[in-house]
Amino acid sequence: MATNKRLLRDIRLGINTLLLHKLRSSLTMLGIVFGVGSVVAMLAIGEGASQEALEHIRKLGSRNIIIRALKPADENQQELKHSVMSVYGLHYADEQRISESSPHIKRTIPAKIFNKTVRSGGNALEARVVGTIPDWFEFLHNKLIAGRTITQKDMEQQHPICILSEDIARPLLAQQHSIGAHIKIGNDYFEVVGIVASSASSTGGVESPSQPRDIYIPLTVCKKYFGDRIQKRVTGSRELSKVELHQIIAEVSDDSLVESTAVALNALLSYHHPKHDYEVSVPLSLLQQAEATKRTFTIVLGSIAGISLIVGGIGIMNIMLASVTERTREIGIRRAIGARKKDIIRQFLIETIVLSMTGGILGIGFGVLVPLLVEQWTDMPTVIPVYAIWLSLGISVLVGVIFGMYPARKAASLNPIEALRHE
Amino acid sequence: MSDNIVVQLQDICKTYHMGGETIHALQNVSLSFQQGSFWAILGHSGSGKSTLLNVLGCLDVVNSGSYILDGIDVSQLDDEALSDIRLRKLGFIFQSFNLINQLTVQENIALPLYYLGWDADESAERAAEIAHVVGLEGRLGHRPSQLSGGQQQRVAIARALANNPSIILADEPTGNLDSATGHAIMDLLFSLHDQGTTILMVTHTPEVAERIPNAVMMKDGQVDNITTNRIEKAGTFNGH
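For the protein sequence lines, the chains are A and B, in the order given.
Throughout, my numbering is defined as the position within the first sequence, counted from one, plus 21.
Throughout, my numbering is defined as the position within the second sequence, counted from one, plus 13.
Because the hints were derived from the structure by calculation, they are not lab data.
Positions of the beta carbon are idealized from the N, C-alpha and C atoms, including for glycine.
Be aware that one or more of the hints could be misleading.
To be verified - List of simulated lysine to aspartate or glutamate pairs, EDC-like, C-alpha gap at most 20 Å:
id, chain 1, residue 1, chain 2, residue 2
1, B, Lys102, A, Asp364
2, A, Lys137, A, Glu177
3, A, Lys362, B, Asp24
4, A, Lys363, B, Asp92
5, A, Lys363, A, Glu439
6, A, Lys363, B, Asp207
7, A, Lys431, B, Asp92
8, A, Lys363, B, Asp73
9, A, Lys26, B, Asp73
Claimed, not checked - Residues from chain B that keep clear of chain A, each with C-beta distances beyond 10 Å, as calculated:
id, residue
10, Glu34
11, Asn67
12, Ser96
13, Leu100
14, Asn111
15, Glu220
To be verified - Below, a sample of chain A positions facing chain B; criterion: calculated Cβ distance under 8 Å:
id, residue
16, Leu28
17, Gly35
18, Thr38
19, His42
20, Leu44
21, Arg45
22, Leu48
23, Lys245
24, Gly248
25, Glu351
26, Ile358
27, Gly359
28, Pro437
29, Leu441
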């Protein structure tokens, strides 16, 4: 109790002494402010990145391989001139080839994807139509808001039904009872049987299989109503293409097999697709790349933090050494009155720690601000973990002790007689 | 000698080495001072009186000889123990006051009490009490720089008294003051002496020295002359 009171008194005295030289004290603290700020920012960005990565893996599935149809670039130009029809993309047979290629492939989800205008009442919207199979919904975890998803029965009976994503349902069916409503996709009517939550268009720089404005219809229905030909109006001309499947997602049984399976699939497909009109992407490896980028960020910030803390600490030591010289007489007076060496060490050490800790507290403020700005300007999420605050305070106290010890010892070792004579 | 001896120096020797030269600052100095006495330590510069004061003040250690202060042999103590002796047994008054400017008058007076571990309330009370004794009422919240030289020296005297020391060591306490203020400070010291305080004072100024009942004359690091009870009754000069 008594020692606590005494410590408070000493801290107050330290603060008063530092306030005598406000400019000097604040300049001295800058290094610590930036150092601690970088520590907090680094941890916040790192924590944000790892939480985001977990979220990505949950959304995209760490065991998935996404194969997308790709319009070959060179063909694109030639075909435009002849203006007939471009035939590219994945075939129905590819799905079977893929699922039979390896025992590690648990299932495949084919999809036809194209844009169509959808109408309901007076509303018209451009939407992405996805013709797919019931497994899609199990697999992408889009939350069902109302109604149901596609069933095997829909596939067999080829009912013209559709599932809307929330971002389509809201503007399109604003005033109507959604489930059971009929909407027009192209020239055909479809019954709305369910609504699912919309998902973000990309996750960690990887395009998500499901987009915010999707309409899902059974693959069989899609084939029956829309066929394989897609007409697209391009300014002044029409572009016709024939694509059987736009996307196949293959799910592998184990994380560790994803990479090798993707390589095998690539080889398999390149045999059947000499034009190379597809791309194979592995969310897991893309996420790993994103992680690596963030790790670089952490290393850079960590280095800034380390260097700032060392330079800041040296700055503090320098100022404290100057302060010891300046206050030689005061030290002499205190020693003559009966202060022991350890009393002098204590006094100067407390002053240094007050200085470095104040810098640390300001640095935490700075470090909280930086992640906010980072979040504002980039799409990197940040989370400031509570331990970062304690760690930063600990670091600033440690810097104070390490770099304050030498000046404090120097002060204590002054000869009282000479110190008293000092002008 | 009776048991009221507070300082007993026996064959004290102190040498310095300066640029290959050995300086015998004190040679076989033996002195004893009685409790409640008032001594002037006189001598030319270089006579060893400053070294003697440093030794008496436990700021300097001797090469040989013994120094018994208030029954304790302090000649063999280490730095920490000497600090403790200074804290509990000694009070210093300097020519240039030596107050700490960032502390208030009250905090300056209470500085020894802080190192003694007194709590803030007790030491504030004690500081106010001594401030009253030395005539500093109403100045406790001031900074030393806001006070006149005479007032600053009163703060220094109050600080020297705070720990109730066995002896007060004064080094030319009137040296930086005009003669009127110097007289007033001497009057204050005399009144403390009347109340039983032991004071050992180095001075150059003859008119100050004349008023002090006992004197040690130093010369070339040795005691040249000791005069006691030069003045019939020290109290005669009170109030001058």
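Cross-check of the supplied hints:
{"no.": "1", "hint": "Lys102/B - Asp364/A", "verdict": "holds (18 Å)"}
{"no.": "2", "hint": "Lys137/A - Glu177/A", "verdict": "violated (24 Å)"}
{"no.": "3", "hint": "Lys362/A - Asp24/B", "verdict": "violated (29 Å)"}
{"no.": "4", "hint": "Lys363/A - Asp92/B", "verdict": "holds (11 Å)"}
{"no.": "5", "hint": "Lys363/A - Glu439/A", "verdict": "holds (19 Å)"}
{"no.": "6", "hint": "Lys363/A - Asp207/B", "verdict": "violated (37 Å)"}
{"no.": "7", "hint": "Lys431/A - Asp92/B", "verdict": "holds (15 Å)"}
{"no.": "8", "hint": "Lys363/A - Asp73/B", "verdict": "holds (19 Å)"}
{"no.": "9", "hint": "Lys26/A - Asp73/B", "verdict": "violated (34 Å)"}
{"no.": "10", "hint": "Glu34", "verdict": "holds (19 Å)"}
{"no.": "11", "hint": "Asn67", "verdict": "violated (6 Å)"}
{"no.": "12", "hint": "Ser96", "verdict": "violated (4 Å)"}
{"no.": "13", "hint": "Leu100", "verdict": "violated (3 Å)"}
{"no.": "14", "hint": "Asn111", "verdict": "violated (5 Å)"}
{"no.": "15", "hint": "Glu220", "verdict": "holds (26 Å)"}
{"no.": "16", "hint": "Leu28", "verdict": "violated (12 Å)"}
{"no.": "17", "hint": "Gly35", "verdict": "violated (11 Å)"}
{"no.": "18", "hint": "Thr38", "verdict": "holds (6 Å)"}
{"no.": "19", "hint": "His42", "verdict": "violated (11 Å)"}
{"no.": "20", "hint": "Leu44", "verdict": "violated (17 Å)"}
{"no.": "21", "hint": "Arg45", "verdict": "violated (14 Å)"}
{"no.": "22", "hint": "Leu48", "verdict": "violated (20 Å)"}
{"no.": "23", "hint": "Lys245", "verdict": "violated (91 Å)"}
{"no.": "24", "hint": "Gly248", "verdict": "violated (90 Å)"}
{"no.": "25", "hint": "Glu351", "verdict": "holds (5 Å)"}
{"no.": "26", "hint": "Ile358", "verdict": "holds (5 Å)"}
{"no.": "27", "hint": "Gly359", "verdict": "holds (3 Å)"}
{"no.": "28", "hint": "Pro437", "verdict": "holds (5 Å)"}
{"no.": "29", "hint": "Leu441", "verdict": "holds (7 Å)"}
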